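Going down the list, the sequences are from chains A and B. Just so you know, the first sequence maps onto residues 1012 to 1417 in the working numbering. Just so you know, the second sequence maps onto residues 68 to 352 in the working numbering.
Calculated from the structure, these hints are not laboratory results. Note that the structure is a prediction, hence the values are computed from the model and not measured. For glycine and all other residues, C-beta sits at the position ideal for the given N, C-alpha and C. Among these hints, one or two may not hold up.
[Unchecked claim] Estimated spans, in silico, between C-beta atoms of each pair:
1) B/207 x A/1398: 51 to 61 angstroms
2) B/267 x A/1396: 50 to 60 angstroms
3) A/1067 x B/121: 50 to 60 angstroms
4) B/210 x A/1211: 22 to 32 angstroms
5) B/141 x A/1042: 54 to 64 angstroms
6) B/210 x A/1408: 51 to 61 angstroms
7) B/145 x A/1042: 37 to 47 angstroms
8) B/97 x A/1357: 52 to 62 angstroms
9) B/182 x A/1042: 41 to 51 angstroms
10) A/1077 x B/97: 31 to 41 angstroms
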Amino acid sequence: MKPVLEINNISKEYRINQGAQAYLSLRDSVTSFFTGKKIAKNQFWALRDVQFNILPGESIGVIGRNGSGKSTLLKILSKITFPSKGYIRARGRVASLLEVGTGFHMELTGRENIFLNGAILGLTKKEIVERFDDIVAFSGVEAFLDTPLKHYSNGMALRLAFAVAAHLDPEILLIDEVLAVGDEAFQKKCIGKMDEVSKSGKTILFVSHNMNAVQQLCKRTIVLDQGQVKFDGPTKEAIQFYLENSNSWQSDNLQDRKDRKGGKKFKFTKIACFGDDISKAVRVFRSGQNIRVQLHYTHQFTEKVPITLALDFQKSGNQHLMSCRNAVVGQQLFLEPNKNAYFECHIPRLPLTPGRYYFNLTAYFNEKIIDRIHDVGYIDVSFGDYYGSGTLPPRYAGVCIDYQWK
Amino acid sequence: MEDSSPKDIKLYAEEYLIAPPDKFSLNLKELWAYRELFYYFTWRDIKVKYKQTVLGFLWVILQPVLMMLLFTVIFGNALKVNSDGIPYPVFVYSGLLLWGVFSSGLSNASNSMVSHANIIKKIYFPRLVIPMSSILAALFDFFVAFLVYIVILIIFQQPVDLLRILIFLPASILLTVITTFGLGCLFAAFNVKYRDFRYIVPFLLQFLLFVNPVIYSTSIFKAEWMQYLIAFNPMAGAINMSRFAFLDSPIRWDLLAISVASAFLWFFIGIYVFRKMEAYFADIA
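From just these sequences and the hints, can you work out the full model?
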């Protein structure tokens, strides 16, 4: 059997301009032309020599940390961007769902959006007309078909969007984390539909952070790390490999950070996180896993002094979620003279839901800040069975707490 | 590496290749396969444009009519600009018609790639569809405004030659579309890379309104070299041709030929640049 996708040594290089903008200003280009100074560019390889084949009818999962190249791979496969090196030989119509509802227009009605979105996704008008009733039935928004989309709730718009996408019927379907949105019932419906698609003999490439969904849908899974294929094999082993290996963390060095307040008498030098295995620092955790955060420091106090530490968990977007302070829980920490060591904060059953979390560190002495740094390192939390019930907590819950229903 | 370079790969039927872009190709076959998308994007632009406006479609008519009145008062009555013996309202409206296609087409097209950035980053389709359909939407406004033109011609009892209209009206529209499309693609591509064009285009359009024979006739320039210079602007050719179609406005064929050549030049430059930069739109948009 010939593979539907032959991926041959794909590499993708990105050049990042100095400064945050991806686009240039004309002035920069003009001045660099006249002064002969090159605009400083950092380059990095989002993918390096990625090579694998996909056979017809296979469902393949792709997992990896944020920034490991998963999305870049999908973008190349769906022709949105080109590889810098290598090539892909494809046999069959590829449809990609990197986002549901691409091109939806708020001013248009549900009916109009079905046609517009269908056309953008590559359906012909004839195909849309044929599938129209199924799409509407699947979405469950019959009553609002002639209402402008702007009056829809988020959930309704999402259901409509997925309904169109679910009726694409290509030979190869590429899916990127579309399931990360919507409530649990909707997510189940989506997975059910995808399961149905894969059972009907279609080829699926599924990129996700949701290990449970990957396990449910895919027999074979590829682990990407820093743009390279680190593992390619049965899903169960791949997930095991991902959680254990591609998860090593060279602890973040804080010694030379300048954007800090204080740092003279006392200085944070290093941060690292560990799971139950204390021999290896890691960066990926599952909800409900035990975690210990290690904070290394140097100091110049000449006698034994008590200090207060604050370890804050912050979600991207400046949303503070948790703050761990030794004073609050009635614990005292002391600095021993001439001894540089580390403190550890143990959190049993990490109550965070999937996402990326950054740390803010503060040290107080006599109620004055002696060192403070924001955004030191991060951890990625993936879905985990926090309650040990076999059911995953919903993603939109900020944190998990213990509770009981009567 | 033992793999061969993508150029040497033989493809079987039903197969296609995703590889680093190398040679320039227009890929008309693919554009044709996505022909329905032109329709949907154009239809959406037209539909959305006047949603939630009280006057709705009336705006399509009001804009050129109000401009006509303004120009008639200032340039026709007060300044007595030469309009080749044609009543000034008819003269200026005929110029505003094609100018409207060019100016709204060009400004829509230049912004189109940036305003569709979210789609470009998520879905693949031939990118030329985007600037092209935003120009088609501008053409729709033209046809509505054209109905008013017919009314104006009747009011001023302007004699017309039907055969001349049938030949030169479509020709002048085509020339306008080709020009708008070439420049539109060029600016759309540049705008993705250099956002400066967001400011350049509106200014350029304001500037060009006075360089084009919209409110005056090219015959006011006596010097021969001025005539040739103006002809390099393809819109001058298009507007003169449309006046020739309806009104008894003189036309110089040698100057028209220059305009047509210049239109095609811009057309090919625009498409070439667009195609060249297209592969990287998703990375930098």
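A quick look at each hint next to the structure:
Taking the beta carbon of each, residue 207 of chain B and residue 1398 of chain A are about 58 angstroms apart, inside 51 to 61 angstroms as hinted. The given range of 50 to 60 angstroms is respected by residue 267 of chain B and residue 1396 of chain A, whose C-beta atoms sit roughly 57 angstroms from each other. About 56 angstroms separates the C-beta atoms of residue 1067 of chain A and residue 121 of chain B, a value consistent with the hinted range of 50 to 60 angstroms. At roughly 46 angstroms, the beta carbons of residue 210 of chain B and residue 1211 of chain A sit outside the given window of 22 to 32 angstroms.
The hinted range of 54 to 64 angstroms is not satisfied by residue 141 of chain B and residue 1042 of chain A, whose Cβ atoms lie roughly 42 angstroms apart. As the Cβ distance of residue 210 of chain B to residue 1408 of chain A is approximately 55 angstroms, the hint placing it in 51 to 61 angstroms holds. A beta carbon spacing of about 46 angstroms between residue 145 of chain B and residue 1042 of chain A agrees with the range 37 to 47 angstroms that was offered as a hint. In this structure, residue 97 of chain B and residue 1357 of chain A meet the distance hint of 52 to 62 angstroms, their C-beta atoms being roughly 59 angstroms apart.
Separated by about 28 angstroms at the C-beta atoms, residue 182 of chain B and residue 1042 of chain A break the suggested range of 41 to 51 angstroms. Range check, residue 1077 of chain A to residue 97 of chain B: Cβ separation about 33 angstroms, and the 31 to 41 angstroms hint holds.
This entry does not satisfy hints 4, 5, 9, going by the numbered hints stated previously.
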